[in-house]
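Asks: Listed below, chain by chain, are the residues.
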Amino acid sequence: MLEATTRRLRNTARYVLGIGEPELGQSPRHLVGTRDRVKLWRYDRHGDGAPSVLLVMSLVTRPVVFDLQPGNSLVERFNAAGFDVWMLDWDEPGPADAENTLETYCDDYIPWAVDAVAQASASGAVTLFGYCLGGVLTLLSVAANPEMPVENLVVLAAPIAPDRGPAQLRPGRIAMSFDETGNVPAETLRMAFVSLDPVQGEITARLNLWQRMDDDEYVTAHRVMTNWGNDHIRFPGATARQLTEVLGEGRNQILEGTFRLAGRPVDLGSITMPFLSVIGERDTITPPETSEPLMDLVGSDDQTELRVPAGHVGLFVGGSAMKRCIPGMIDWITDHRA
Amino acid sequence: MTERPGLRDIYDRLADQVGPQLTDLTASDRFADVVEVVDALRMRATNELQRSSRRFLHAWNLPAGSDVTVLRQEIGALERTVRSLARQVETLQRQLDEADGARVAPAPRSSRSRATSNGA
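Here the protein sequences come in this chain order: A and B.
Taking our numbering, the leading residue of the first sequence gets -16, the next gets one more, and so forth.
Taking our numbering, the leading residue of the second sequence gets 7, the next gets one more, and so forth.
Honestly, the hints are just simulated from the structure, not real lab data.
Check each hint, because a few of them may be wrong.
[As the list claims (entries may be wrong)] Some chain A residues judged to face chain B by a derived CB distance under 7 Å, without partners named:
1) D19
2) D74
3) A79
4) R147
5) A150
6) E163
7) S283
The beta carbon of each residue, even a glycine, is placed where N, CA and C say it ideally should be.
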């Protein structure tokens, strides 16, 4: 009893004072290149001749979620499976990035990174792995640039039909206010996510933490997730406006087949490499119905939909992901390596 | 005999009742309209405040925060121009390489520049 009280007091003090913040992203890596603000990282623990996997993050939070902590890291597991893991880090947009459009990401940054990875890869090809909006970006990029050396395409919780998801996150519903840099402020995005379930997000989570303040493991896990989850970044202003045009309420140019990138028609049906779509059945941010149309849209003959009983982040973070979803993805990538 | 509910049980019951209603509210069009109006008002108030403080500071020949903002925006625009020029140089370099390659050997697998050419 005394021990638990001591732990509770110690953890409360550390939490309130911000002492001993858990260190995120510990897998060894090195910077391979930069393009504007974008960074391309390569993780060091990989085998020779391993399949090269390029992780592409969404534009709303930081990619450190791919490598949260030892024992709870997608990167660590991919490295352990022998994969050569690379990561595209968008960084936080500044004034120079406010005019970035979907063309900037899909026709420039992603092809640039894919090419760099392919040149270092034994097979000369890349498995492209996009998460959330990063999944949509990879889909559009591959469809618009068929010459890219992508051997497999994996997308997780890719909201290709956001109009079927929560109203609070639909393009055009997030207040189109721009900060002095010309981008959508990070706080606006954070509030949009909080508004999905304000009671759970703002009160219940804190009560749960208070009740389990004597549980070191729980407190650490809570701090890890809240540190990442609340660390939103600005959203590029021009991309926000463009997404409202392309995917706003009452229209979805991608589903309608009218979407154009730099004036070129983009048809997901032109994607022909093996394709894996991972869907979390308990995902409240990109519910299954926002990703389900992909199986009909993507043209690959070899396509798989992996559905797991997980939430948005639980697809690759946490005990369940480590036991089920990640092994499923590793098996699929291994089976489809060149 | 039933146990008396603890404070947490009472909260959980209340949260079960209120939570979905609040979520419905935040998902409604009316809420989005209110957020938009509040946001516009906030922006207007901020702009007014900045204008007043700028006038005051400029009267004393001092720089205001908004001057820094303008500078940052101008640097951003300049950076965009540099990026655009860098892309044009890349394109020209690629065309030159391809022309050379066509004369000497088969074209390389990919024509894009290596990642290391522009960074670390």
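Asks: Compare the structure with each hint and give your call.
Replies: Outcome of the hint check:
1. D19: Result: holds, 6 Å to nearest chain B Cβ.
2. D74: Interface hint status for D74(A): violated (12 Å vs cutoff 7 Å).
3. A79: At about 4 Å, which falls below the 7 Å cut-off, the nearest Cβ of chain B leaves the hint on A79(A) intact, so it holds.
4. R147: 13 Å, violated
5. A150: Check passed: Cβ of A150(A) comes within 4 Å of chain B, closer than 7 Å.
6. E163: Since the shortest Cβ distance to chain B is 4 Å, the answer is holds.
7. S283: 22 Å, violated
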